[in-house]
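Modelling step: build the complete structure from the supplied sequences, incorporating the hints.
Residue numbers (the working numbering), protein chains in the order written: chain A, 71 to 183; chain B, 26 to 142.
Source of the hints: derived by calculation from the structure; they are not laboratory data.
Even glycine gets a Cβ: it sits at the ideal position worked out from N, Cα and C.
Careful: at least some of the hints might be erroneous.
[Unchecked claim] Simulated DEER-style distance windows between Cβ atoms:
(1) A:Thr78 / B:Ser63: 13 to 21 Å
(2) B:Gly67 / A:Pro183: 47 to 55 Å
(3) B:His98 / A:Pro183: 19 to 27 Å
(4) A:His147 / B:Gln92: 43 to 51 Å
(5) A:Gly99 / B:Gly28: 28 to 36 Å
(6) A:Pro183 / B:Glu87: 22 to 30 Å
(7) A:Ser95 / B:Ser63: 25 to 33 Å
(8) A:Lys175 / B:Gln92: 29 to 37 Å
(9) A:Lys122 / B:Thr40: 24 to 32 Å
(10) B:Gly28 / A:Glu84: 39 to 47 Å
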Amino acid sequence: DAKTTQPTSMDCAEGRAANLPCNHSTISGNEYVYWYRQIHSQGPQYIIHGLKNNETNEMASLIITEDRKSSTLILPHATLRDTAVYYCIVRPRDGGSNYKLTFGKGTLLTVNP
Amino acid sequence: DSGVTQTPKHLITATGQRVTLRCSPRSGDLSVYWYQQSLDQGLQFLIQYYNGEERAKGNILERFSAQQFPDLHSELNLSSLELGDSALYFCASSVSQGQRRTYNEQFFGPGTRLTVL
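Structure (structure tokens):
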């Protein structure tokens, strides 16, 4: 799986957009970008994934650059409950029935009142 | 609530002992994954089962073993426990029957916190 690089930590004011970057310069054509988050000691939670087009769901938006070497997760209106570690994961599109996730250290996002 | 359940929530035991962690996947999910999260190693993949068969192994110690039963629940067995085995153990499930296989997000349980004294 391609390696990802994320900032160790970020701060965001409540109500503002949180933009979390991720570099995955070695991503290959068959790999998706996934985002998960983990709120303190809880199980990780799936947020969103994408291949090459921008994606949006009820939780967040995912912007992937045209060369696919980086992406940004956007939480449009961050709340205190969004304080968590956010993991950017690159994984093959079709791993057969093996879809293990390789977690890095992620970004600790702290949303401040 | 992800639909994945894990028991027990907390487990305190002594070195050298053996414990069993249990996971019930989301209804209909065929694949179960086990992950270990310790302070120094972060979240690490241990092992995966798919419909009762082992499919992938990660950084799982020989003292650890797992299985998936016909009803799809899974157990992770940890033996000859050491202090360093203290960690959060998460189970995740995915791959529902009939689901497109290229979109397999994983749903994580709340974890079992193991403390080895």
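Now for the hints, and whether the structure bears them out:
1. Taken as a hint, the range 13 to 21 Å holds for the pair threonine 78 (chain A) and serine 63 (chain B), whose Cβ atoms sit roughly 18 Å apart.
2. The hinted window of 47 to 55 Å between glycine 67 (chain B) and proline 183 (chain A) is violated, with their beta carbons roughly 29 Å apart.
3. Distance hint check: the CB atoms of histidine 98 (chain B) and proline 183 (chain A) are about 42 Å apart, inconsistent with the given range 19 to 27 Å.
4. Checked against the given bound of 43 to 51 Å, the beta carbons of histidine 147 (chain A) and glutamine 92 (chain B), roughly 44 Å apart, stay inside it.
5. For glycine 99 (chain A) and glycine 28 (chain B), the hinted distance range of 28 to 36 Å is satisfied, since their beta carbons lie about 33 Å from each other.
6. For proline 183 (chain A) paired with glutamate 87 (chain B), a C-beta distance near 48 Å fails the hint of 22 to 30 Å.
7. For serine 95 (chain A) paired with serine 63 (chain B), a C-beta distance near 29 Å keeps the hint of 25 to 33 Å intact.
8. For lysine 175 (chain A) and glutamine 92 (chain B), the Cβ-Cβ distance of about 31 Å falls inside the hinted range of 29 to 37 Å, so the restraint holds.
9. The given range of 24 to 32 Å is broken by lysine 122 (chain A) and threonine 40 (chain B), whose C-beta atoms sit roughly 50 Å from each other.
10. Restraint check, glycine 28 (chain B) to glutamate 84 (chain A): a C-beta distance of roughly 30 Å breaks the suggested window 39 to 47 Å.
In this structure, the earlier hints numbered 2, 3, 6, 9, 10 are contradicted, and the remaining ones agree with it.
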